[in-house]
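K.L.:
Here is how the chains run, residue by residue.
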Amino acid sequence: QKEVEQNSGPLSVPEGAIASLNCTYSDRGSQSFFWYRQYSGKSPELIMFIYSNGDKEDGRFTAQLNKASQYVSLLIRDSQPSDSATYLCAVNGDGANNLFFGTGTRLTVIP
Amino acid sequence: NAGVTQTPKFQVLKTGQSMTLQCAQDMNHNSMYWYRQDPGMGLRLIYYSASEGTTDKGEVPNGYNVSRLNKREFSLRLESAAPSQTSVYFCASSEWGPPGSPLHFGNGTRLTVT
Chain W
1 QKEVEQNSGP LSVPEGAIAS LNCTYSDRGS QSFFWYRQYS GKSPELIMFI
51 YSNGDKEDGR FTAQLNKASQ YVSLLIRDSQ PSDSATYLCA VNGDGANNLF
101 FGTGTRLTVI P
Chain R
1 NAGVTQTPKF QVLKTGQSMT LQCAQDMNHN SMYWYRQDPG MGLRLIYYSA
51 SEGTTDKGEV PNGYNVSRLN KREFSLRLES AAPSQTSVYF CASSEWGPPG
101 SPLHFGNGTR LTVT
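These protein sequences, in sequence, are chains W and R.
Residue 1 is where the first sequence starts when you use the numbering used here, and the numbers rise one by one after that.
Residue 1 is where the second sequence starts when you use the numbering used here, and the numbers rise one by one after that.
For the record, the hints were derived by calculation from the structure and aren't laboratory data.
Note that CB positions come from ideal geometry on N, CA and C, so glycine has one too.
Some hints here could point you the wrong way.
[Said to hold, decoys possible] In silico DSSO-like cross-links for lysine-lysine, where the CA-CA straight-line distance does not exceed 27 Å: (1) W/Lys-67 - W/Lys-56; (2) R/Lys-9 - R/Lys-71; (3) R/Lys-71 - R/Lys-14; (4) R/Lys-9 - W/Lys-42; (5) R/Lys-57 - R/Lys-71; (6) R/Lys-57 - R/Lys-14; (7) R/Lys-14 - W/Lys-42; (8) R/Lys-71 - W/Lys-42; (9) W/Lys-42 - R/Lys-57.
[As the list claims (entries may be wrong)] A few chain W positions that, by computed beta-carbon distances, are all more than 12 Å from chain R: (10) Leu-11; (11) Ala-17; (12) Ser-32; (13) Lys-42; (14) Asn-53; (15) Glu-57; (16) Gly-59; (17) Gln-64; (18) Lys-67; (19) Ala-68; (20) Asp-83; (21) Asn-98; (22) Thr-103.
[Unchecked claim] Which chain W residues stay away from chain R? Per the calculated CB distances, all over 12 Å, these: (23) Leu-75; (24) Asn-92; (25) Thr-108.
Construct the complete structure from the given sequences, taking the supplied hints into account.
P.N.:
In structure tokens:
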């Protein structure tokens with residue numbers, strides 16, 4: 001059973017702060033890691049993907065991957081109220097034709 | 001460029017009724033997927049089609065059937081709906097076969113089975 005674990009939150013941060021979202025996964029063979037944002041009542045939208053150990057930056061978002069420790073994180077700098085949403089971590093399994101999703105972390109950015 | 005289009009957006013069924021959820025993508029993607037999303041359960045894969053002409057079961061296929069009609073279209077059928085199938089259903093597509101290609105989701109179908 002491949003598992004992806006996220007803290008369900010809610011995580012509250014003040015506007016302008018850094019939000020840190022974490023995800024752990026159980027399959028050491030996982031190769032691809034994705035972060036999706038989902039607003040209430042809407043569909044998931046891709047924010048970032050990362051395949052290699054280390055950091056990957058895209059604007060205010062930074063994805064961090066540590067395969068040895070089996071965790072992937074998402075940092076959101078200068079958080080805005082519009083960032084308030086549920087963030088889903090998705091991981092593929094070794095040899096699996098599927099992405100496994102965590103249950104998501106609900107983020108609230110307080111103006 | 002509409003991306004991934006799902007119909008209908010909402011549906012209410014009585015137990016035992018059947019229905020087909022339609023999905024079409026205009027991004028020339030090879031792979032298509034059907035997920036369901038339930039509170040506290042996350043997104044779970046029902047069926048997927050790695051390429052035109054192929055379909056495979058995902059984590060929760062029981063009670064569902066799929067058809068990859070052509071490269072653009074992938075439908076999900078509930079033959080005899082049950083209350084446990086009340087959920088939000090998302091169709092998704094990706095450029096190449098899994099596992100490394102990002103998924104692009106449709107807007108979802110909210111299904112209630114009474």
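K.L.:
With reference to the structure, classify each hint as holding or not holding.
P.N.:
Okay, the hints, checked on the actual structure:
1. W/Lys-67 - W/Lys-56: holds, 14 Å
2. R/Lys-9 - R/Lys-71: Distance ~22 Å between R/Lys-9 and R/Lys-71 Cα, so the pair holds.
3. R/Lys-71 - R/Lys-14: With a Cα-Cα distance of about 32 Å, the restraint between R/Lys-71 and R/Lys-14 is violated, given a limit of 27 Å.
4. R/Lys-9 - W/Lys-42: holds, 11 Å
5. R/Lys-57 - R/Lys-71: Holds - the C-alpha atoms of R/Lys-71 and R/Lys-57 are around 18 Å apart, at most 27 Å.
6. R/Lys-57 - R/Lys-14: Holds, at roughly 25 Å.
7. R/Lys-14 - W/Lys-42: holds, 25 Å
8. R/Lys-71 - W/Lys-42: Between R/Lys-71 and W/Lys-42 the Cα gap is close to 25 Å, so the pair holds against 27 Å.
9. W/Lys-42 - R/Lys-57: holds, 25 Å
10. Leu-11: holds, 17 Å
11. Ala-17: Per Cβ check, W/Ala-17 is outside 12 Å of chain R; nearest 27 Å; holds.
12. Ser-32: violated, 4 Å
13. Lys-42: violated, 7 Å
14. Asn-53: W/Asn-53 clear of chain R: closest Cβ-Cβ about 16 Å, beyond 12 Å.
15. Glu-57: At roughly 17 Å from the nearest Cβ of chain R, W/Glu-57 sits farther out than 12 Å, so the non-interface label holds.
16. Gly-59: Nearest chain R Cβ is 17 Å from W/Gly-59, so the label holds.
17. Gln-64: holds, 18 Å
18. Lys-67: holds, 15 Å
19. Ala-68: holds, 20 Å
20. Asp-83: Label holds. Min Cβ-Cβ 19 Å, cutoff 12 Å.
21. Asn-98: Given a closest Cβ separation of 5 Å, the condition is violated.
22. Thr-103: Violated: least Cβ distance 4 Å, not greater than 12 Å.
23. Leu-75: holds, 19 Å
24. Asn-92: Incorrect as stated: the minimum Cβ-Cβ distance to chain R is 3 Å, not above 12 Å.
25. Thr-108: Given a closest Cβ separation of 18 Å, the condition holds.
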